[in-house]
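Residue numbers (this note's numbering), protein chains in the order written: chain A, 150 to 301; chain B, 37 to 334.
Hints in this document: simulated from the structure, not taken from any laboratory.
Misleading hints may appear alongside valid ones.
[What the hints assert, rightly or not] Per the computed footprint, the stretches of chain B lying under chain A, defined by three or more beta-carbons under 8 Å from a beta-carbon of chain A, are:
{"hint": "1", "segment": "104 to 111"}
{"hint": "2", "segment": "143 to 151"}
{"hint": "3", "segment": "188 to 196"}
{"hint": "4", "segment": "210 to 219"}
{"hint": "5", "segment": "313 to 322"}
Ideal Cβ placement from N, Cα and C applies to all residues, glycine included.
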Amino acid sequence: MKALRTFWEKLPFRHMTVLVVALFVIKEQFPFSNFPMYSNFDTEADVIYIADQHGNALAMDEVFRSGSSTAKKAYKKELGKITNAQKRDTKQASPTERAQAGAIVLGDWYANMKRERLPKGTTAVRLYRRTFELKDGKLGDDTPELLAEKSL
Amino acid sequence: MNASIAAPRPWWQPGPFDYSKLEMLVMRALFASLLFSSIKWETAPYKTQRNPTGLAHFFDFTWLSQHPPGLFWQGLTIVGLLAYVFGRAPALGLAPVCTFAVMIGTLVCSKAMHHSWQAITLIALAQFIVYAWPKKKSDWLNPSIEVHRLATYWSTVVFAAAYVVCGVVKLVNSDFLWIHKVPYLSVQLLKSNWSSYYDTLQPVADWLPKVTQAIVDYPNLARLVFGAGLLIELLGFVVLINRKWAFWGGLSIIALHLSISKVMDLHFEVHMGLAFIFCVNIMGLKKVFQKTEPAVVG
Numbered sequence: 150m151k152a153l154r155t156f157w158e159k160l161p162f163r164h165m166t167v168l169v170v171a172l173f174v175i176k177e178q179f180p181f182s183n184f185p186m187y188s189n190f191d192t193e194a195d196v197i198y199i200a201d202q203h204g205n206a207l208a209m210d211e212v213f214r215s216g217s218s219t220a221k222k223a224y225k226k227e228l229g230k231i232t233n234a235q236k237r238d239t240k241q242a243s244p245t246e247r248a249q250a251g252a253i254v255l256g257d258w259y260a261n262m263k264r265e266r267l268p269k270g271t272t273a274v275r276l277y278r279r280t281f282e283l284k285d286g287k288l289g290d291d292t293p294e295l296l297a298e299k300s301l
Numbered sequence: 037m038n039a040s041i042a043a044p045r046p047w048w049q050p051g052p053f054d055y056s057k058l059e060m061l062v063m064r065a066l067f068a069s070l071l072f073s074s075i076k077w078e079t080a081p082y083k084t085q086r087n088p089t090g091l092a093h094f095f096d097f098t099w100l101s102q103h104p105p106g107l108f109w110q111g112l113t114i115v116g117l118l119a120y121v122f123g124r125a126p127a128l129g130l131a132p133v134c135t136f137a138v139m140i141g142t143l144v145c146s147k148a149m150h151h152s153w154q155a156i157t158l159i160a161l162a163q164f165i166v167y168a169w170p171k172k173k174s175d176w177l178n179p180s181i182e183v184h185r186l187a188t189y190w191s192t193v194v195f196a197a198a199y200v201v202c203g204v205v206k207l208v209n210s211d212f213l214w215i216h217k218v219p220y221l222s223v224q225l226l227k228s229n230w231s232s233y234y235d236t237l238q239p240v241a242d243w244l245p246k247v248t249q250a251i252v253d254y255p256n257l258a259r260l261v262f263g264a265g266l267l268i269e270l271l272g273f274v275v276l277i278n279r280k281w282a283f284w285g286g287l288s289i290i291a292l293h294l295s296i297s298k299v300m301d302l303h304f305e306v307h308m309g310l311a312f313i314f315c316v317n318i319m320g321l322k323k324v325f326q327k328t329e330p331a332v333v334g
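Given only the sequences and the hints, what does the whole structure look like? Please build it.
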């Protein structure tokens, strides 16, 4: 007990150090977080967006009250649920599985859609995934992948 | 957790600073405003908890989407915050805002994780605990200056821990290759800027392709620039040492966030506000630049 007390008294920045360890262990359980944003990255990164039936992007904040990065996180979570069940990484997901996760996200965003804020003539909304890539020292992006579509 | 004046401690065993009553009054006023305005009171869009986090594993908060806290509850929260600011039964005053910050934050983050509210909510909870369990009973209703200093100290502890753990996680999750991988950040920059475009349809900055390609073309320069950011996070604990370190550490953190806002279009106003309130401490500037080292309260 005495040794423990000595250790505690000599621990540098003891309150903060203990809190750092706690946050590191607890990870993402609101309001606790280990703040893992941009902690690891690859040669690829993707964004999720919603467009009309022609593929023209819609202003997500205005129309759906929830933006692209939130949609991306929700999509990754859904995709993770599908692939984790088979102990695979989300990067190994098939187009069908990506479409499955995309349909769930589009359903959620559709439920919060402000129809009156859609551009005139919109008959459907589509969820796309656009991937940016660093290859041979050059940055580029592929044609966006259509994940899901919902008619109005 | 005794906060009475004591012999100076070594710099690596910090304690509460000798904040004056006025400094802490201003800090509480600014913190209360920031905390209230940071809560996402418009809860209607959050109808599901598909990805539960924290208390959402045990409780369903989706009723908040049907019944967003209206004027009555927001008014009650403001009344509580006013009591907190003026130092009257601050634990009671903080209770409504802590409750809403946790419930709404949990609901919103159970849709998709965000990182704007964790630090400020944890600081509010830390202050609530300090005020709810004071050493003397009389401190519960009308806390002494030592209790206020302790609450401020724990706010800074939580703030510093948030940055240090963020830096540590970067090292661990990247197998200690974070600096080496910095050129890959160019892809992340493209992603975050285009993500903002899809939010608002405001065109991405003209300089974006040039800057992202420059990161790839000059990797060591990029490592130096982004590595400095990582260093600021890892050294976040310095804000606990004394007023000077808190001031310069706070300014560095604000500068870090401003540069991230500019380059990545990712905005952390709440974190900048916290750094301004608890580290820069505008009312304590005179003591920062005075020649004799300010006392640290034990």
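Verification of the supplied hints:
1. 104 to 111: It is violated, with 0 qualifying residues against the three required.
2. 143 to 151: holds (count 7)
3. 188 to 196: Held - the segment 188 to 196 of chain B has 4 residues with a Cβ nearer than 8 Å to chain A, which meets the minimum of three.
4. 210 to 219: Our answer is that it holds, as 4 residues pass the Cβ test (under 8 Å) against chain A, meeting three.
5. 313 to 322: Violated, because only 0 residues of the segment 313 to 322 of chain B bring their Cβ atoms closer than 8 Å to Cβ atoms of chain A.
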